[in-house]
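K.L.:
Okay, here's what each chain looks like letter by letter:
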Amino acid sequence: MILTKKQKRIEWALAIVMIILSLFFLFPVVWMIANSFKPDAQITADMNTVNAFIPPTLNGDLFDNYLSIITNTSFLRYMGNTLLYAAALIILSVIVNGLAGYALAKIDFPFRERWLLIIMMLMIVPAETIITIHFLFIAKMGLLNTVVGYILPMIVNPFNIFLFRQVFISLPDDVWEAAQLDHCSAVKYFFTMVLPMSKTVVATVSVFTFLSVWNDYLWPSLVFTSSDLLTAQIGLNSITANVNTTMGMTLALITMVTIPVIIIYSLFSKQIVEGVMSTGSKEG
Amino acid sequence: MSFIELKNINKKYPGADKNSVTDVSLSIEEKEFIAFVGPSGCGKSTTLRMIAGFEDITSGELYIDGQKMNETAPRDRGIAMVFQNYALYPHMTVEKNISYGLKNMKVPDDEIKKKVDWAIKVLGLEEYRRRKPKNLSGGQRQRVALGRAIVKDTKLFLMDEPLSNLDAKLRVSMRNEISKLHRQIGSTTIYVTHDQVEAMTMADRIVIMKDGVVQQVGKPMELYEHPANKFVAGFIGSPQMNFYDVTLRDNVVTFEDGNKMTLPESVTSKLGGRQGGLILGIRGEDIKLDAQNISLFKADKQSAVVENAEVMGNENNLYFTFGGASTVARVSKYEISGAGDKIEFVFNPTRIHFFDKDTELCYI
Amino acid sequence: MAFFGPALVLLTVFLFIPMILTLIFSFTDYFALSPSLTHFTGLGNYISIFKDEMFLKAFINTVKFVIIIVPLQGGGALALALLINRVTYCKKYFKVAFFVPVVMSLAVVSTLWMQIYSPEGILNTLLGKIGIDPQPFIYGADQALPSIAIMSSWQGMGYQMIIFLGGLQAINPGLYEAAEMDHASAWKKFKDITLPELKPLCVFVFITITIGAFKMIVQPMVMTGGGPSHSTYTLVYDIYETGTVNWEIGLASTMAIVFIAFIVVLTVIQTILTRDKEDKEEKK
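Chains as they are written, first to last, in the numbering used here: chain A, 1089 to 1372; chain B, -7 to 356; chain C, 357 to 640.
What the hints contain is simulated information worked out from the structure, not anything from laboratory work.
Calculated cross-link-like contacts (lysine-lysine; reagent style DSSO-like; alpha-carbon spacing at most 27 Å):
1) 105(B) with 1276(A)
2) 1194(A) with 126(B)
3) 1276(A) with 95(B)
4) 147(B) with 113(B)
5) 1093(A) with 545(C)
6) 98(B) with 1276(A)
The following block holds chain A by itself, in its conformation from the complex:
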C-alpha cells in the first residue's frame, strides 16, 4: 500500500490508540499476576506507584502465596478434579453429540428434518432456566454430591449437535460407500473415519467443552456441597470466602485458575477463533 504523509500520521495515531486500549484491557490481568507474588502489605504499598504492575524481584518468598495455597488448602485437588471432569465430558460429549450430528447429517431416519428443527430451537433455551429442575432430578436420583450427578445433565448439547451436523453434512458420501465395500460397519466408520476426517470440529467442540466445564459456576455450586469433589471455581469461592485468605492468596488463586485456560487458548486459539466465528457466520 502506498501511504501519503497524512495517512502515515493516521497510522501513528491509530497505533497509539490501540496501545492505550490494549493496556486498558490487559491492566487487570497484569495487576493480578504481578501482585499474586506479593504479600498484602506490599500490594497496598505498591498501589500508588507503577510497581503495582510489576512483579517483585526474584527472592525466597516470591511463591509464598502459592505455597500457602498448596499446603493450606485442597485447591490443587479441586483443579485436578475439574481436569478429570472435563476429560470425561469431552469424550462423552464428542461421542453422544457427534453420533447425533452424524445421524442428522447422513442417516435417513423418521422425522429427521423435524428433529433438526427441534435441536435448533433448543439452542435458544437458556440453561439457567431449567437448572432448578435438573437440581431436583439429580437430588431425586440421589446423585447430589456425585461426579455422575454433575456430568449427566451436561453431556448432551444442542449447539454441539448442530455444529457436528453442519460439518458432517459436507463429508463426501462416496467415502462411506467405498468403506461399505471395504466391509466397514457404520459404527466403525464413525470412529475410524468420520471423527479423524473432522479433526477441526472435534477439536473445537473439545476446547469449548473444556472451557465450559472449567469456567462453569452455577451448576457445580448446586451439585457439589462441601467435599473433595469440588471444582476449581467453587473451590476458589469457598477459599476466598474464608477470612484467613489474604488478598495476595486470592490473586494467586485466580491466577492458578486462569493458567489452564490461557494454555488452552494459546494452543487452540485457531479452533477457538473459528468456533466463535462459526457462531456468527451461521447468522451472517
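Place chains B and C on chain A using the hints.
P.N.:
Only chains B and C this time, still in chain A's reference frame:
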C-alpha cells in the same frame, strides 16, 4: 444365464413424478468391459449405483453370477468400485487405503502384504506408499482408488466417471492404463462416463442412455456406423453428425434452402419406398472436397462459403451454412481453406443416414 | 436411529421433560420440601410474580443492565474489530489482548474485579492520581450495577470482536476497490459498504449480547450477593434463589417461563430482522 442380468430395472425416487431409469434390461458376459454413456441425468450413474446396491431398485431384478441381488448389501455383492471423486480415506496412507478392505475381511497379514505389494507395483505407486491422499496428484489418487479395487479379487468392477476429474492429457494416459489393467486382470467391468470418446476407446460394448431409457447397446463401431436413432448418431462421434430437414421425392433430396441432391437408386431403395419429409444425417468426414470424390459424384456437387476453419494440424474442420443448417466438414490437412473461401463439395451418398421426422428412428 | 439414541435419551431427560415440567409447575404452588401439598393454581403465579416487588426489582435491574451493556459491549466490539482490521502492526498481539478476558471464568473475573473495585483498590488509586475522589463502585447502590456492566463488557467484548472480524474479512475487497474508483471517502466507504455488509451480523451480535445480559447471575452472586439493597439482584438470580434456596419450584418455574418467553421474542425479532434483508436482496 449371463454373468450379470438386469431384468426390467426401474428407478423412481420417492416424490418424483417420473422414472429416473425406465425398464433397463441387459446381459453382461464375464470379462466384458461395458461402458454406460449418455448426457448427465440420463440415468447411467443411477443404474450403476443400483448394481452396486447404493440405490434401491424400484422394480425389476438384478442377478450377479446367477444370484438375485436386489436385497443384498453392497459389501456382499462381490463388487469393487472406483468413484468419481476417488473417495480415498483422507487420513490413511496409500498402503492403508489399499489394504483397509482386506483387513476388515480378516485376510491373513502376509497375504494382505503380498496383494498390496502387487497392486502398488502394477500401478507404479512404489514411491508413494506412505503418502496421504492430499499429497498426491489427481492421477496418483486415481491409481490408489484403482489399487483399492483390484486387491479385492472381485469378479466385478464398477467405475463411476473415474477420469472426469483429471486434465485432458492425463485422461488419455489413464484411459490406456485402465484398458491394460482390464486385460491383465480380466474382471468384468462396468464403466460409466459422459465422454463418448472414453466409451468408444475402452469398451467392448457400449450402452447408450437418454432420459433413463437405453437407446442402443452394441460394439463401438456398430453404434458409429449403424446408430439406432438420431440421438445415438448425434452423441457418438466428434464433430457431431450434421443433420438436415429434407424432403425426398423419387431419388431427389430437397434441402430447406432449396438445394437439391440426387441420390443413387442403391441408396434410396433401402428406404423401402419412404418419401416426403425426413431427416438426413451425414458425418463431417463423409463430406468430400477432394477432386477425386467430386469427380466421382459430379452431379451432386454443392457449394458454400466457409465461415470458420479450425486447423487441427492433422486435419481441418470447416464450418459453413448449407441446406438451412450449420454444417461441419472434416477434411484432410492438405485441403486448407480459410474463412470467406468458396468451396465445392459432395456428400458421399453411401454414407448418408435417414431418420424419421417424428420418431427419429434410423432407416439407413 | 441408533446413532441418535443416546442423544435422544439425554435430550428427553434433561431438556424435554424439564421444559414440560417447568411449564406444568408454573401453574402450581409446588414446594420442594412438601411436594404432596401441591395445588393447581392456574394463572395465580403469573399474577403474583408481577405483583412481587422483588421480582419487579430484579426485572428492572436486568433491563437496566441490558441497556448499559448492549451499546457498550456491542459498539465497543465493533469499534475494536474495525480498528484491528485497519491496523497494520501487531495485529496478533491486539487480538490476543482483547480476547484474553473472554477465556477467563466469570468467577475469576468477578473475584479479580472485586479487588480492583475495592475502596482502597487499584482503580481508586489510579483515579486519585488524576484528581477524582474515591468511588464506592460495587459497594454503592447507585454504582454497583454499572460497575458490573463495565466489568462484564470488558470480559465479553473480545468474543463479539472476533465475530465482527470474521464478518469484516468476509467482505469482498473488490467492493472497496470499486468504491475507490468511484471517489468514495473513507466515511462513505464505511457507511455504504462496511455497515450494510455487517448489518445481519450486527443484529446477531446485539441480540446475543442482550440474551447473555438477561442471563446475568454469577457476577452479582460472587461480588455483591445481589446488593447493596438489591441493586444488583437480577431475573435469573431471582429464579435461582426462589427455586434452589427457598424451594418454591412452582414460582421459580413461572419466572423461568416468563423469561423463556422473553428470549423467544428476542430470537424471533432477530430472525425477522435478518430475514427481512434477504427478502429485499431477492427482490433486487
